[in-house]
Amino acid sequence: MKEIREVASALLSGGQVDWVLGYEEDAKGLVKPAFITDPAQAARLIFDPRCVHNLAVYLLPGRRHVRALGRGALVVKACDARAVAGLLREHQLQRDELVLIGVRCGGVRQDPGPDAVLNEESVAARCALCPERTPQRVDHLVGPELPPPPAGNRDLLREIAELEALTSEARFAFWSKHFSRCVRCHACRQVCPLCNCTRCIADKSQPQFIEAAPHLRGNLAWNITRALHLAGRCVGCGECERACPVDIPLALINAKLSHFMHECYAHEASEDPEQPSPIGDFRSDDDQEFIR
Amino acid sequence: MSEHAPSSPEKDTPAPLWISDDDLRGLVDDCLRAQRQVIAPMLEKGAARARPLYAPLATAEALRLQVDDPLPSQSLRRHFQPPSQALFRWTFEKPAPTEDQPPENPLGKVALQPATPAFPPTVILGARPCDAAALEIVDQVMREDRRDESWFSRRAATVILTRGCTWSDASCFCTSLGLGPDAPQGSDLLLLPAQGGHVVRVLTAKGQAFVADHAPRFAAPLPDHRRREAEAALAALRQDLENKPLSDAVDHLRQGLGGAFSAAIWDEVALRCHGCGVCAALCPTCYCFDIVEEPHGPKEGVRRMKWDTCQDPIFTLHGSGHNPRPNQSSRYRQRVLHKFSVYPNRFGQVLCTGCGRCVRACPAGMDLAEILLQVDGALDHAAKKS
Amino acid sequence: MSQESHPTTPEGAPHPEPFQPKIVAFVCNWCTYAGADLAGTSRLKMAANTRLIRLPCTGRIDPLFITKAFEQGADGVIVSGCHPADCHYATGNLHARRRFAVYRELMAFLGIDLRRLVFSWVSASEGRKWADLVNETVRELNALGPRNAYPAVDREGDQ
Numbered sequence: 001m002k003e004i005r006e007v008a009s010a011l012l013s014g015g016q017v018d019w020v021l022g023y024e025e026d027a028k029g030l031v032k033p034a035f036i037t038d039p040a041q042a043a044r045l046i047f048d049p050r051c052v053h054n055l056a057v058y059l060l061p062g063r064r065h066v067r068a069l070g071r072g073a074l075v076v077k078a079c080d081a082r083a084v085a086g087l088l089r090e091h092q093l094q095r096d097e098l099v100l101i102g103v104r105c106g107g108v109r110q111d112p113g114p115d116a117v118l119n120e121e122s123v124a125a126r127c128a129l130c131p132e133r134t135p136q137r138v139d140h141l142v143g144p145e146l147p148p149p150p151a152g153n154r155d156l157l158r159e160i161a162e163l164e165a166l167t168s169e170a171r172f173a174f175w176s177k178h179f180s181r182c183v184r185c186h187a188c189r190q191v192c193p194l195c196n197c198t199r200c201i202a203d204k205s206q207p208q209f210i211e212a213a214p215h216l217r218g219n220l221a222w223n224i225t226r227a228l229h230l231a232g233r234c235v236g237c238g239e240c241e242r243a244c245p246v247d248i249p250l251a252l253i254n255a256k257l258s259h260f261m262h263e264c265y266a267h268e269a270s271e272d273p274e275q276p277s278p279i280g281d282f283r284s285d286d287d288q289e290f291i292r
Numbered sequence: 293m294s295e296h297a298p299s300s301p302e303k304d305t306p307a308p309l310w311i312s313d314d315d316l317r318g319l320v321d322d323c324l325r326a327q328r329q330v331i332a333p334m335l336e337k338g339a340a341r342a343r344p345l346y347a348p349l350a351t352a353e354a355l356r357l358q359v360d361d362p363l364p365s366q367s368l369r370r371h372f373q374p375p376s377q378a379l380f381r382w383t384f385e386k387p388a389p390t391e392d393q394p395p396e397n398p399l400g401k402v403a404l405q406p407a408t409p410a411f412p413p414t415v416i417l418g419a420r421p422c423d424a425a426a427l428e429i430v431d432q433v434m435r436e437d438r439r440d441e442s443w444f445s446r447r448a449a450t451v452i453l454t455r456g457c458t459w460s461d462a463s464c465f466c467t468s469l470g471l472g473p474d475a476p477q478g479s480d481l482l483l484l485p486a487q488g489g490h491v492v493r494v495l496t497a498k499g500q501a502f503v504a505d506h507a508p509r510f511a512a513p514l515p516d517h518r519r520r521e522a523e524a525a526l527a528a529l530r531q532d533l534e535n536k537p538l539s540d541a542v543d544h545l546r547q548g549l550g551g552a553f554s555a556a557i558w559d560e561v562a563l564r565c566h567g568c569g570v571c572a573a574l575c576p577t578c579y580c581f582d583i584v585e586e587p588h589g590p591k592e593g594v595r596r597m598k599w600d601t602c603q604d605p606i607f608t609l610h611g612s613g614h615n616p617r618p619n620q621s622s623r624y625r626q627r628v629l630h631k632f633s634v635y636p637n638r639f640g641q642v643l644c645t646g647c648g649r650c651v652r653a654c655p656a657g658m659d660l661a662e663i664l665l666q667v668d669g670a671l672d673h674a675a676k677k678s
Numbered sequence: 679m680s681q682e683s684h685p686t687t688p689e690g691a692p693h694p695e696p697f698q699p700k701i702v703a704f705v706c707n708w709c710t711y712a713g714a715d716l717a718g719t720s721r722l723k724m725a726a727n728t729r730l731i732r733l734p735c736t737g738r739i740d741p742l743f744i745t746k747a748f749e750q751g752a753d754g755v756i757v758s759g760c761h762p763a764d765c766h767y768a769t770g771n772l773h774a775r776r777r778f779a780v781y782r783e784l785m786a787f788l789g790i791d792l793r794r795l796v797f798s799w800v801s802a803s804e805g806r807k808w809a810d811l812v813n814e815t816v817r818e819l820n821a822l823g824p825r826n827a828y829p830a831v832d833r834e835g836d837q
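Residue numbers (the working numbering), protein chains in the order written: chain G, 1 to 292; chain A, 293 to 678; chain R, 679 to 837.
There could be a bad hint or two in this list.
[Stated by the list, open to error] As a list, the in silico EDC-like pairs of lysine to aspartate or glutamate whose alpha-carbon atoms are at most 20 angstroms apart:
hint	chain 1	residue 1	chain 2	residue 2
1	G	Lys28	A	Asp461
2	G	Lys177	G	Glu164
3	G	Lys204	A	Asp582
[As the list claims (entries may be wrong)] Calculated Cβ distances over 12 angstroms to all of chain G for the following chain A residues:
hint	residue
4	Gln405
5	Thr458
6	Pro515
The hints are simulated quantities; they were obtained by calculation from the structure and are not laboratory data.
Since the structure is predicted, the reported quantities are computational estimates derived from the model, not experimental observations.
Ideal Cβ positions, reconstructed from N, Cα and C, are used throughout, including at glycine.
My request is simple: use the sequences and hints to build the entire structure.
See the structure below:
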């Protein structure tokens, strides 16, 4: 925590950046994104298991009011750094536009507070799937080495396996029940750093490929399309599921496709900005057992 | 004034009644037998945690009488304004060419078939006072200019029994807006929890008629010590409830003082906002909607109404491509000013009941009550109305 | 192709059942469309249940097209194009191959019966293969029954 404040303060007073985006807590003990523009404000920055948010989303070109602040520094956990790598890979950012303050992570909670304790009940399910908890390719690396997160009560891979063991009818009933609740707020899209199309296909009306009304048919089209567009690009930060106001287990779908991309194509959304595109690329020996 | 004034007490306010927990379940049973839908707060098993929601009861046993259940994450909005609703179906017939006479309508004819939404007579049992109060507030816009028949048919078919709150958390701010754990607005009958049952306050003629219809359930005399117990719990809760000093902020916004619209503070406030619309999706007083066409081929289709939110980037996108609210700063400002300035100026009530859902659910930690204070603090109150 | 006019029972084609599956086939212009045409000119016996949608290349197929087909009431979807290394645009089908694999995996996970989603490589000379593919698919769908899981446009009622 002290290190983050020192680095942030130095960057701001040195004029290398106009703003630093990190985490702070409010009077209720809830952690939230903090935009710091003055070295004196750096004392507000904290880092603990309540720091669940993926701040990379604020770098998207569409966030004009953030861009307007000037050159910035971002506090990133490893998952957030992988999201930044994704944005660099897809030319949404230039590397020299920003400074990355990487912080070593020991896992985060499902919620941003007020409780700060990390245990098997509170730990976010996605942390169990994290391949690397130390952010790579950052400009500053702070924070102590932390032990791995406790094994949580919720095991995403097991839940996926349980679903796959059901008949397709039972699985469809499961997903229909969830998607019937979707109200198409698109929070899942808005909080996702990899959902960065200038014009989302769901918003296009000529033609209206994805029906806008929140009935099951429209909701299926939306959620199927979003999952597909994220395949191999999702970094598993879990923000979509956390944001969903009607508790759709989106993490299961994204984890499932990430897992598939890894099993089938040895692809994992990594911190390497030169990594080939998961679906845009191909190999001559890609699986085609399913093609008659 | 923009805060919610309590509804003027009826001339002959009926005396409070009593209903035991057994009788309450019996009441649910009676309603279900009479083909009346009963919607109550439920707790569904969720992926990460239990999911609280308002849902139809299948049996009387399913009724939850716990006093510490969380607030249903969604409001009652979807029961009065469904997230997706067909308005009508159209079919287009092009006349077959005939040899002698030219067809009456050479271009073809469109037939409209209005949708007939079916919703059963409903009892909402155990609604939170903030959720019921919201319905009355939204009624005003629903009857302005063009009466929304769908909304009012559902309102007419529904009896609302609210349940007084037994707890609050740091996100609740209903008392800052003139409401409270036993607010009567929007409610027909208010049930105040006590040991073994509820004290019943009859608030409207509809509530009175409901009691009369189910007289045996409400027949037991009200034990005085239970009434005192319920009222003491309320008093204690009112003490606890965070009473944020919002009246000044709300007044200033309503009067447009200090250049509320043009203030630069919105840019700072909206920095962390994702424009995700979760606040609107859960809000009991949000009502914005969009109309969409769903053509099924060239000859038929359905026109629907669906929920919309001013936080969606394309909410105000014109066909020309111009967007008068091109950034999150202007969109967030719109949300706050609509609720705390435009609506009260038009209808005399703020479009908010302080339920706190937006605060609890916001992925970016936007706290509406804190933001109202922050904005007010930044306004130049000495300046004349701009 | 209306549901009422089902084909007579030529040899090799499935027996007409009361249920005639509606199949949408997304085919590439250079290979499969030509192959299907060859099946026709060769007078091969084929069920008439498919509605062909011709695209320049399987690489043009956005999985959303397949989703739309199910939404509009298709009981089954066939996707077919050139064999790898034979693509008219060199690599279109190689891009498509991965896309299809992921889409298929996702649909299976969501509970769509994959027997309703058939992928194939059919070249311009494989008229027989196309006819067999169509007949086989219709037979399988006859057994499976009408699309029941995926919510399709309801042409009669509300919603």
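Hints the structure fails to honour
As far as the earlier hints go, not one is violated by this structure.
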